[in-house]
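S.K.: Please model the entire structure based on the sequences and the hints provided.
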Amino acid sequence: MTQAAGAAPIEGIAAGDQTDQRVLVASQWQLIRWRFLQHKLAVISLVVLGLFYFVAVFAEFVAPYDPYIFRAELTLAPPHTIRFIDPEGNFHLRPFVHPFKKTLDPETYAAVFVEDETIMQPLGLFVRGDPYELWGLFESEIHLFGLQDQEARLSLLGQDTVGRDLFTRIVYGARISLTIGLVGVAMSFFLGILIGGLSGYLGGTVDMVIQRVIESLRALPTLPLWMALSIALPSDWPVVRTYFAIVLILSIVGWTSIARVVRGRFFALREEDFVGAAELDGASNLRIIFRYLLPSFLSYIIARLTLAIPQMILGETALSFIGLGLQAPAISWGVLLKEAQAIRVLALSPWLLLPTVFIVVSILAFNFVGDGLRDASDPYTHV
Amino acid sequence: MLIYILRRLLVMIPVTILISIIGFIIIQAPPGDFVSSYIAGLEAQGDIIEPELIDSLRARYGLGEPIYVQYFKWVSSFIEGDLGYSMIYREPVVDIIAQRLPSSFTISLLSLILVFVIGIPIGILSATKQYSLADYSFTVVGFLGVATPNFLLALVGLWLLFKWTGTVAIGLYSPEMQNAPFGLAKFIDLVGHIWLPALIVGTAGTAELIRTMRANLLDELPKQYVTVARARGVKPTKLLYKYPLRIAINPVISTVGWLLPVLVEGEVLVSLVLGLPTIAPVLLDSLMQQDMFLATSIIMILGILTLVGTLLSDILLAIVDPRIRGAV
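Residue numbers (this note's numbering), protein chains in the order written: chain A, 1 to 383; chain B, 1 to 328.
If you are wondering where the hints come from, they were derived from the structure by calculation, not from laboratory data. Nothing here was measured: the structure is a model prediction, and the numbers come from that model. We put the CB at the ideal spot given by N, CA and C, even for glycine. Do not take every clue at face value.
Quick list of in silico lysine-lysine cross-link-like pairs, BS3-like style, CA-CA up to 27 Å [as the list claims (entries may be wrong)]:
#, chain 1, residue 1, chain 2, residue 2
1, A, LYS338, B, LYS163
2, B, LYS163, A, LYS102
3, B, LYS163, A, LYS101
4, B, LYS242, B, LYS223
5, B, LYS129, A, LYS40
6, B, LYS223, B, LYS163
Here's a subset of chain B near chain A, in silico, CB distances under 8 Å, partners left out [claimed, not checked]:
#, residue
7, THR139
8, PHE143
9, PHE151
10, TRP159
11, VAL268
12, LEU272
13, LEU284
M.R.: This is the structure:
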């Protein structure tokens with residue numbers, strides 16, 4: 001955005017004739033890719049997001065436990081310290097943990113977890129644990145990592161209020177929290193292109209009406225509107241249906257900004273010479289829209305979409321957090337935070353706030369990737 | 001200028017009508033007609049409902065009549081200031097909103113002011129001292145501020161507060177001031193409490209503003225007129241305020257209107273987390289218990305206030321930037 005006017009799209013352009021040739025013959029998408037790779041933060045963020053989505057897709061395998069199986073005796077147990085050096089001072093290449101021993105504080109009678117230093121429980125890769133069905137298709141009980149002793153429990157990020165493994169639940173929560181943004185944006189994209197395209201291409205009365213609808217939807221504060229709409233969802237709906245209903249609700253506001261951008265681009269590009277040339281060539285309206293207009297700002301739209309994903313993720317988190325979004329048997333980051341809401345519990349078990357870290361990291365990553373894409377794809381700032 | 005304002009007002013009319021239609025859809029959205037759920041709610045609280053009351057309610061909102069008749073009956077009573085009766089609070093909706101809206105409004109307004117007072121100077125500093133330590137640290141803080149949702153910030157804030165002071169709720173007044181008549185002492189007490197929620201509500205907006213301000217100013221600074229002015233010996237501070245800043249600040253002013261809904265929204269969530277006596281808990285309660293008149297009225301009023309805010313920011317922009325007046 002801050003790029004000075006007339007800057008070369010690729011920094012290496014003056015490096016020599018060879019690069020020059022390469023840039024000249026490169027397709028638009030190649031140029032975009034090269035430019036994007038120069039944005040270091042965006043590339044790192046893309047890797048982080050890739051990792052997150054990998055974890056979300058293979059949640060059953062990555063998570064060491066079953067997200068619903070609870071150990072009452074481990075209620076609110078803190079995170080384990082993963083150790084390499086035993087109490088005698090010997091170094092072990094294979095990391096291990098000491099299991100928790102529950103004692104009562106003699107004064108307050110509160111449960112206190114102390115590590116039992118006499119027992120060492122080594123960690124392992126591809127260990128056997130709770131059985132699961134990956135995507136409901138493949139049965140297995142092999143988990144990416146865990147304790148070699150099946151009976152013991154590794155508390156990587158602590159245990160929740162009923163003794164379920166928090167890390168496991170965060171991994172499963174990623175599945176809902178991270179996909180809701182993608183699905184929501186896809187839906188907004190479809191609505192936005194369709195309605196914005198109509199508005200921009202037809203103009204006149206249609207444009208007037210659509211613009212007023214967009215303005216009124218945007219004038220209403222988003223969150224109260226989402227809240228009001230999600231109230232209408234019956235609470236006995238299955239998780240999947242609620243999920244899609246929530247996505248739809250989030251998209252009701254989301255499409256408006258896409259539609260505005262699309263309309264603006266249509267207006268600007270309609271006057272361009274290449275559109276005029278296509279018209280003279282006898283191309284039909286639809287062909288002009290899809291063959292010439294859309295490709296010329298698709299990359300820009302994709303960048304805008306990436307920046308819209310965090311809003312969707314936050315929307316779901318906020319709705320679930322106040323109890324109007326997804327409800328308890330479903331696991332999303334918002335649902336996890338809702339369980340962390342009681343301040344007295346939170347004060348003693350601060351690890352319940354850890355889903356926050358994952359939310360912030362994924363939102364930051366999406367912002368950086370979006371920035372990178374925008375810089376790479378946006379020829380309009382160079383005018 | 002007058003013509004510009006009149007035009008802007010004219011555009012607002014259809015938007016307001018559309019907002020009311022959306023509001024009406026929200027009333028209709030829950031399953032069953034709203035008088036039935038209203039009555040079911042009253043009965044659940046152990047009230048005996050007179051059949052006459054049911055009939056009068058049905059007649060008043062035109063139930064059983066075509067949908068557009070129902071809409072017009074509802075809208076006309078809304079315009080007359082009759083927002084209906086709240087089943088859960090057992091008070092006219094107008095009274096509830098009148099009690100709660102001022103504190104919501106104060107928080108939003110205060111955070112708006114904080115956003116500007118904090119955001120603009122930092123943005124200028126970041127741009128003029130580009131790539132300095134301060135610039136880098138504010139950029140990092142800014143990114144974190146944009147990425148951290150306000151309510152999570154509130155939750156973390158609440159946790160820290162509990163850790164340090166052992167108090168659970170923040171509230172807008174200290175306990176001993178809660179029932180005191182409003183006066184200078186109470187006002188000072190309010191100021192002592194309200195800054196934290198206002199700051200939390202404004203975080204994302206401030207971070208965004210710093211980024212916009214920095215980017216805009218950086219676009220202006222290398223331009224020739226700045227160099228020319230510097231060559232003529234204009235003092236650096238005077239130059240900054242007189243030329244590039246005036247241009248860089250325009251987009252900021254034009255976005256005030258869009259900032260407002262964000263702040264209102266942030267206020268809702270933050271108030272819910274911090275347990276502040278604003279309109280937010282009422283909204284959540286009314287939605288949870290399907291008190292749809294109350295809920296819709298709140299949403300409509302927030303929407304209309306936002307529209308007014310957008311209008312004000314547009315007028316402000318037209319005053320600052322003469323090019324706008326001719327456009328539209």
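S.K.: None of the hints should be skipped; say for each whether it holds.
M.R.: We went through each hint and held it up to the structure:
| no. | hint | in the structure |
| --- | --- | --- |
| 1 | LYS338(A) / LYS163(B) | holds (20 Å) |
| 2 | LYS163(B) / LYS102(A) | holds (24 Å) |
| 3 | LYS163(B) / LYS101(A) | holds (26 Å) |
| 4 | LYS242(B) / LYS223(B) | holds (14 Å) |
| 5 | LYS129(B) / LYS40(A) | holds (23 Å) |
| 6 | LYS223(B) / LYS163(B) | violated (51 Å) |
| 7 | THR139 | violated (11 Å) |
| 8 | PHE143 | holds (6 Å) |
| 9 | PHE151 | holds (6 Å) |
| 10 | TRP159 | holds (5 Å) |
| 11 | VAL268 | holds (6 Å) |
| 12 | LEU272 | holds (6 Å) |
| 13 | LEU284 | holds (6 Å) |
Violated hints, in rising order: 6 and 7; the structure is consistent with all others.
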